[in-house]
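**Q** Letter by letter, the chains look like this.
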Amino acid sequence: MNPDKLKIVRRHNLRKKINIFLLSVFIFAVAILYFSPILYMFLTSFKTEHQAVSPRLFFKPTLDTFKLVLSDANMFGFLKNSLIQVFFTTFACLLLAIPASFVLVFGKFKKRNTGEKIYVWFITTILLPPVAVIIPLYTWYQKFNLIKSPLGLLVAYIGFHVPIVVWMLHSFFKDVPKSIIEASEIDGCSRFRQLISIALPLVRTGIISSALLVAIFVWNEFFLGFNLTGNSTATLPVYMSRFREQQGMFVAQLSASSTIAILPAVILGWITQKSLVKGLTLGAVKG
Amino acid sequence: MKKEKDWLFLLPAILVVAVMTQVPFILTIIYSTLKWNLSRPDLPIKFIGFENYLYYLRIPEFPVIPEFYSIFWQTIVLTLSTLIFCAVFGFLFSILLDHQVPGINIARTLIMGPFFVMSTASGVIWKTTIFNTTFGWYGVIAKSLGFTPVDLLSYHPMAVIIFLFSWQWIPFFVLIILAGLQGISGDVVDSMRVDGANWFESTFMIKLPMISQHVMVATMLGLIFIVKEIGLILVTTAGGPGTRSYNLPYAVYMEIFNGSQVGRAGALATMTVAITLISVNVLYRIIKKRSASFE
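From first to last, the protein sequence lines are chains A and B. Mapping the first sequence onto full-length UniProt numbering, position 257 (from 1) lands on 257, and the numbers just tick up by one. Mapping the second sequence onto full-length UniProt numbering, position 83 (from 1) lands on 83, and the numbers just tick up by one.
Please note that the accuracy of each hint is not assured.
Claimed, not checked - No more than 20 Å apart at the CA atoms, straight line, and that leaves these computed lysine-lysine pairs for PhoX-like:
hint, chain 1, residue 1, chain 2, residue 2
1, A, K117, B, K5
2, B, K5, A, K108
3, A, K117, A, K174
4, A, K111, B, K5
5, A, K117, B, K35
6, A, K110, B, K5
7, A, K16, A, K5
8, A, K143, B, K35
To be clear, the hints were calculated from the coordinates, so they are not data collected in a lab.
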């Protein structure tokens with residue numbers, strides 16, 4: 001290659017590098033601008049109430065506001081309620097949905113398309129908006145005082161999230177080769193053993209991602225939590241919604257509380273991004 | 001023997017879901033035909049047929065259209081414009097995030113963030129730290145530029161809510177559309193380059209049709225979730241001013257908790273569900289038709 005040509009190639013490479021650099025600066029600018037309200041809330045939670053009055057990006061950080069918020073017994077109660085709901089709902093949903101979606105794929109029923117029909121039924125219950133059920137539930141819960149026990153909301157959450165887990169796991173179980181299950185059946189393996197020792201290890205990612213999805217959904221769920229709980233059983237989203245009435249304009253306190261409220265779900269979400277995409281697109285695009 | 005056993009795996013899940021979703025829904029439909037006031041236990045619960053539905057649908061004095069219609073219209077505007085914004089910006093962001101530049105994963109993560117934030121928290125954050133006319137960024141920036149900031153929440157409630165809904169749901173669209181874009185094989189991209197397609201052509205005439213299925217699926221899932229959202233409305237505008245930023249679920253909520261009219265709330269809820277199911281169904285049919293024409 002003669003030196004002139006080399007120069008041209010080099011210049012071309014340089015221009016390409018500059019282009020990539022500019023592009024990545026632009027992408028980052030967009031991403032940070034998009035995320036900025038959350039970022040600013042996070043920053044404000046390290047301010048004192050006095051500093052938070054005027055919007056400013058540079059200040060001396062302090063943990064005082066966090067201490068103040070966490071020493072509030074109310075906040076602690078809501079946090080505990082949220083954790084209880086998330087933990088037990090996720091656990092119960094898996095317990096109910098794993099065997100169900102397993103037999104929907106591999107089970108044998110009298111009529112051949114029974115499994116398919118029940119699967120479609122599960123899907124249609126996802127479409128049902130919570131307003132469809134809230135009136136009877138609300139009147140029952142008031143009557144039997146279920147709003148004073150976490151069990152009431154828990155049962156409602158389980159009912160609403162089992163179909164989502166069935167939907168996601170169904171597509172994962174479908175990826176398990178049918179021949180393995182059939183071979184084990186010939187060997188005299190019971191359904192239960194097939195599920196526990198053959199299918200479960202193969203759909204581990206599906207189980208984890210649907211569990212995390214349910215955890216995020218329940219942690220953020222507002223409508224049912226708002227209507228079916230009393231003061232002693234309310235969850236964090238309900239607490240956040242009352243902020244506008246109770247705390248007035250305490251921006252720093254509000255930011256610290258929101259940080260505590262949103263951080264678990266955001267971090268969980270970031271961790272699961274990849275498997276979430278797989279679960280959602282597998283379930284949806286394939287139909 | 002074996003057939004019976006398969007049912008045992010299935011029954012608990014079916015039972016729980018049916019008791020918590022189907023039974024209450026059927027009861028809601030039954031309630032919608034009753035005259036039942038929760039705050040007046042002394043009055044008898046009476047069957048009145050379709051009276052509750054007519055209460056919302058009837059137009060007694062013609063030029064004055066009942067509130068139900070404007071709330072219905074607001075729900076359509078709210079949902080439809082949110083979905084359009086989400087699809088357009090979701091696609092554009094996905095195109096942007098599909099580039100292999102250093103640190104792209106961090107940028108993707110940042111854009112994904114708002115989707116995982118609970119709606120009540122994001123509503124409160126936007127309301128106090130940004131839209132507030134004295135303490136928020138919007139007020140401060142407007143003042144420094146010499147404007148008098150107007151209270152966006154009371155003057156343009158619908159625009160604010162559409163904006164916030166979109167902010168929260170664009171990441172979800174990006175999540176699905178980006179997966180579609182990354183599924184396009186390298187061969188296609190290479191042959192596009194060889195054939196000399198420019199950026200515009202390759203993006204909108206080749207890539208967009210290839211991932212239209214993903215856009216549709218995101219839109220349908222988005223519709224299912226966005227239609228039921230009330231937390232954000234409650235904490236930002238509380239439906240106001242008046243009923244100008246109500247959507248149908250919010251109207252149901254107000255009817256039962258402020259009006260205590262179980263029957264009327266039931267009728268409103270039934271109509272909301274019917275409208276939701278019909279629109280999801282229509283969208284689903286469109287998707288099926290499209291995907292059939294591709295095969």
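**Q** Indicate, hint by hint, whether the structure satisfies it.
**A** Hints, one by one, checked against the model:
With a C-alpha separation of about 18 Å, the suggested pair A:K117 and B:K5 falls inside the 20 Å cut-off, and the hint holds. Pair hint B:K5 plus A:K108 holds up; C-alpha atoms about 10 Å apart against a cutoff of 20 Å. Using a Cα cut-off of 20 Å, the hinted pair A:K117 and A:K174 holds, with the two alpha carbons roughly 16 Å apart. Proximity of A:K111 to B:K5 is assessed by CA-CA distance (about 15 Å); at most 20 Å being required, the pair is judged to hold.
A hinted pair counts as satisfied when its Cα atoms are at most 20 Å apart, and A:K117 with B:K35 does not qualify at roughly 36 Å. Pair hint A:K110 plus B:K5 holds up; C-alpha atoms about 12 Å apart against a cutoff of 20 Å. Between A:K16 and A:K5, the direct Cα distance comes to roughly 17 Å. Compliance with the 20 Å bound is thereby established for this hinted pair. Distance check on the hinted pair: A:K143 and B:K35 sit about 19 Å apart at the alpha-carbon level, within 20 Å; holds.
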